[in-house]
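Q: Sequence:
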Amino acid sequence: LEQVKRELHETVQYPVEHADKYIKFGMSPSKGVLFYGPPGCGKTLLAKAIANECGANFLSVKGPELLTQWFGESEANVRELFDKARAASPCILMFDEMDSIAKARGSGGAGSSEAGDRVINQILTEIDGVGARKNVFVIGATNRPD
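The opening residue of the sequence shown carries number 1 in UniProt numbering; numbering runs sequentially from there.
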């Protein structure tokens with residue numbers, strides 16, 4: 001457990017608390033982590049504890065909450081969520097139940113799988129573009145890491 005705590009401290013807490021030092025030394029801090037495990041094992045509790053330890057705000061959304069039936073609205077929901085996180089920085093942004101929207105990308109089919117692909121692409125765009133991240137760290141949680 002101590003090893004896990006140390007790794008989380010280095011991966012999450014340092015970039016959130018000392019983003020300026022990473023920039024000063026030309027380093028690129030981690031942008032996020034993925035927690036996985038069976039339901040009820042404490043993934044969300046751990047993410048909240050990390051935010052509390054860092055003195056960061058905590059925003060959480062369940063993957064299915066991002067999806068809507070209207071074309072383009074799901075992606076807009078993602079952009080709006082990242083805007084809120086940037087406004088609340090330092091912030092830990094948690095995507096719970098990632099497996100519900102992040103099936104294998106491009107796995108074919110129509111409808112909701114295409115919407116899921118667009119949402120995941122928008123999340124990835126926001127994470128990559130969060131260079132102007134303004135101290136936002138992303139945590140994904142899933143029951144299935146595949």
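Treat the hints with caution; some may be incorrect.
Claimed, not checked - For lysine-lysine, the following DSS-like pairs were computed, each having C-alpha atoms within a straight-line distance of at most 25 Å: (1) Lys31 <-> Lys62; (2) Lys84 <-> Lys62; (3) Lys31 <-> Lys84; (4) Lys134 <-> Lys21; (5) Lys134 <-> Lys31; (6) Lys84 <-> Lys48; (7) Lys5 <-> Lys21; (8) Lys48 <-> Lys134; (9) Lys62 <-> Lys134; (10) Lys134 <-> Lys24; (11) Lys31 <-> Lys48; (12) Lys21 <-> Lys62; (13) Lys62 <-> Lys24; (14) Lys48 <-> Lys62; (15) Lys31 <-> Lys21; (16) Lys5 <-> Lys31.
Said to hold, decoys possible - DEER-style ranges, computed between Cβ atoms: (17) Gly129 <-> Lys24: 31 to 39 Å; (18) Lys5 <-> Ala76: 22 to 30 Å; (19) Asp128 <-> Asp20: 31 to 39 Å; (20) Ser60 <-> Gln3: 40 to 48 Å; (21) Asn52 <-> Lys134: 15 to 23 Å; (22) Phe71 <-> Gly42: 15 to 23 Å; (23) Pro38 <-> Lys84: 38 to 46 Å; (24) Lys24 <-> Glu114: 41 to 49 Å; (25) Leu124 <-> Val4: 21 to 29 Å; (26) Trp70 <-> Lys21: 39 to 47 Å; (27) Ser60 <-> Asp128: 18 to 26 Å; (28) Leu124 <-> Glu65: 37 to 45 Å; (29) Asp99 <-> Lys31: 36 to 44 Å.
Note that these hints are calculated values from the structure, not bench results. Backbone N, C-alpha and C fix where the C-beta goes; we use that ideal spot for every residue, glycine too.
Q: Given the range 39 to 47 Å, decide if the beta-carbon distance of Trp70 to Lys21 lies inside it.
A: Holds, at about 43 Å.
Q: Holds or violated: 21 to 29 Å for the Cβ distance of Leu124 and Val4?
A: 26 Å, holds
Q: Check whether the Cα positions of Lys84 and Lys48 lie no farther apart than 25 Å.
A: 17 Å, holds
Q: Please verify whether Lys31 and Lys84 have alpha carbons no more than 25 Å apart.
A: 17 Å, holds
Q: Can you let me know if the beta-carbon spacing of Pro38 and Lys84 is within 38 to 46 Å?
A: With a Cβ separation near 30 Å, Pro38 and Lys84 fall outside 38 to 46 Å, so the hint is violated.
Q: If I claimed the Cβ atoms of Lys24 and Glu114 lie 41 to 49 Å apart, would that claim hold in this structure?
A: Distance hint for Lys24, Glu114 holds at roughly 42 Å.
Q: Holds or violated: are the alpha carbons of Lys134 and Lys24 at most 25 Å from each other?
A: 15 Å, holds
Q: Between Gly129 and Lys24, does the beta-carbon spacing fit 31 to 39 Å?
A: Cβ of Gly129 to Cβ of Lys24: about 21 Å, so the range 31 to 39 Å is violated.
Q: Given a hinted range of 22 to 30 Å, is it respected by the beta-carbon distance of Lys5 and Ala76?
A: 37 Å, violated
Q: Given a hint of 15 to 23 Å, does the C-beta separation of Asn52 and Lys134 actually sit inside it?
A: Since Asn52 and Lys134 have Cβ atoms about 20 Å apart, the given range 15 to 23 Å holds.
Q: Given the hint that Lys5 pairs with Lys31, test it: the Cα-Cα distance must not exceed 25 Å.
A: 18 Å, holds
Q: Do the alpha carbons of Lys84 and Lys62 lie within 25 Å of each other, as the hint requires?
A: Given pair Lys84, Lys62 holds - Cα atoms ~16 Å apart, limit 25 Å.
Taken one by one, the earlier hints fail for this structure at numbers 12, 13, 17, 18, 19, 20, 22, 23, 28 and 29, listed in ascending order.
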